[in-house]
Amino acid sequence: MAGQARIRIEGLTKYYGDKLVIDGVDMSVAAHEVVCLIGASGSGKSTLLRCINRLVDWDHGTITLDGVSVEDPAFGRTGLQKRIGIVFQSYNLFPHMTVLDNITLAPRKVHRIPRAEAEETARGLLASVGLGDFARAYPEQLSGGQQQRVAIVRALATRPDVLLLDEVTAALDPELIGEVLGIIRGLKDDGLTMVIVTHEMGFARDVADRVCFLEGGRILEEAHPARLFTTPENPRTAQFLERIIASGRL
Amino acid sequence: MPLPPRRRRAEWRAALVPALISLASIVVVFGALAWFVTSAEQWPRIRHQFFNIEAMQASFPRVLAGFWVSMRVWLTALVCIAIWALVLAVLRSLRAPVFAPFRLMVVIYIDFFRGVPVLLLVLLFGFGVPALALPGLPNSALFWGSVAMVLSYSAYVAEIYRSGIDAVHEGQRAAAKALGLSEWQTMIHAILPQALRNVAPALMNIVVALQKDVALLSVLGVRDAVREAQIYTATTFNYSSLLVAAGLFLLATIPMARLADYVTRRDRERRLQRAG
Ligand SMILES: Nc1ncnc2c1ncn2[C@@H]1O[C@H](COP(=O)(O)OP(=O)(O)OP(=O)(O)O)[C@@H](O)[C@H]1O
Ligand SMILES: [Mg+2]
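As you go down the protein sequences, you meet chains A and B in turn.
Start counting the first sequence at 1; every next residue gets the next number (the numbering used here).
Start counting the second sequence at 251; every next residue gets the next number (the numbering used here).
To be clear, the hints were calculated from the coordinates, so they are not data collected in a lab.
Computed from a predicted model, the values in this text were never measured in an experiment.
By construction, the Cβ of each residue, glycine as well, lies at the ideal position given by its N, Cα and C atoms.
One or more hints might be untrue.
Claimed, not checked - Chain A regions said to be covered by chain B (calculated; three or more residues, Cβ under 8 Å): (1) 81 to 92; (2) 95 to 106; (3) 109 to 118.
Claimed, not checked - Calculated lysine-lysine pairs in the DSBU-like style (CA-CA distance at most 30 Å, straight line): (4) 188(A) <-> 427(B); (5) 427(B) <-> 82(A); (6) 427(B) <-> 19(A); (7) 109(A) <-> 82(A); (8) 427(B) <-> 109(A); (9) 188(A) <-> 109(A).
Claimed, not checked - Where chain A lies over chain B, by a calculated footprint (3+ residues, C-beta under 8 Å): (10) 417 to 425; (11) 437 to 446.
Next up, chain A with everything else stripped away, as it sits in the complex (with noise of 0.2 Å):
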């Protein structure tokens, strides 16, 4: 495995002013992996996962794509971001651009493609996701279901080689969250490799190739879903399976 991760993380460690957020993580994610992130609120989840595209920067450690780390100037200013994606929970669309706009900007922007071919690819997607009839509307005019969709299609506008999505149904009301959660699997059956925060357990423990589940800004446990989710060996893991099955929601 060692020679072929994809993204490898090594003894990364963040504070936030005093605050220790994430605390000396080792992971990899190999090619055409899928990765869940899992854990309490303030766990530290979506800290490590912006690491990984540099949206957040850290103090100690070092993050590899393929083997270079994500700070080599190599990637220049925004070879990174071609190359990994990201979705948010609350979709950050702009909302005084048309959906068509929302997609190319980067591609047309910042890598320099004719609009003509951003379009045409940002169509094809579009339609790949249900929504080829929405390529002129305003994020306002479409649901939250849709506009995550349309963030999600954003995202994969360069044809990254990783997307990260950090908690992405969270602020969508249950009836839509079947939607997403579909496209996200389609993605996987595609053999994109992805690093998925989620409170959805019924999701990971579907999609998941590993499961790790963080506290504190540490992994305390990393398994395959059937493993974690029915047999966990870390107490504290355990802990928090029980208050998920509680709150019902897995």
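Following the hints, position chain B with the ligands against chain A.
This is chain B with the ligands only, laid out in the frame that chain A set:
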């Protein structure tokens, strides 16, 4: 088959009665006021001094020409303020460490120009700078007085822009950064369009305020509406020309104020819609 709208007529009548009542009430109240004022002992003198039709007619062409100067200054200053204030606000909002000296300069600029009365700046620039006779630059009081207005107003407008920039949700920056946009591209494509929409109502009020404040330039001897009216007053000892100038300003500012109200209302509706 849907029934014909039978209630229309009743509605029309229901709306008519209150309208008639308000009209009658307005006529009574304003009529009483007019009667009270015009029956006062001093009224003939007041009318002669302030509402003298001949004096108004005589001064009108000159005051109108001056008013045209005022409006040209207003429009030119408006464009300059909109651009210069935007430059200031963007410089102040850039977060990269290399921009630190620019941020500091903008902070000092804004503190200075917001802290000094506009009138003082107009006098300082309008009389002071032409006295230097700088080579290659215009020497007119009108030009430098307008520069003072632009510098001063830009400090306020820059702060308005900045409040709009700060109000854009942090997630928008995160999304832009994650897509690989530079800080500059983020500002241009993601932040500014939303920020400008946020502050449109506040900006409209500044536009109206400036429309009146251009009259400050008259202290420099610039022959604007106020100055022309004053000249007439000085030669005839009749103040009706000033009321002509006031009327012209009202003619210009009232529609602008209504437009400002409209923009504000539409903005509030847009926000309510988004929240709902
Ligand atoms: N910008 C920030 N400034 C200061 N502290 C922060 C910041 N962002 C996160 N933190 C802190 O870092 C810790 C980890 O936050 P993080 O958002 O990574 O947790 P999380 O596991 O994603 O939680 P949640 O499930 O609520 O999203 C928390 O204690 C949080 O308060
Ligand atoms: Mg989080």
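Now the hints, each set against the structure:
no.	hint	verdict
1	81 to 92	holds (count 7)
2	95 to 106	holds (count 4)
3	109 to 118	holds (count 3)
4	188(A) <-> 427(B)	holds, 25 Å
5	427(B) <-> 82(A)	holds, 11 Å
6	427(B) <-> 19(A)	holds, 25 Å
7	109(A) <-> 82(A)	holds, 12 Å
8	427(B) <-> 109(A)	holds, 13 Å
9	188(A) <-> 109(A)	holds, 29 Å
10	417 to 425	holds (count 5)
11	437 to 446	holds (count 4)
Of the numbered hints stated above, none is contradicted by the structure.
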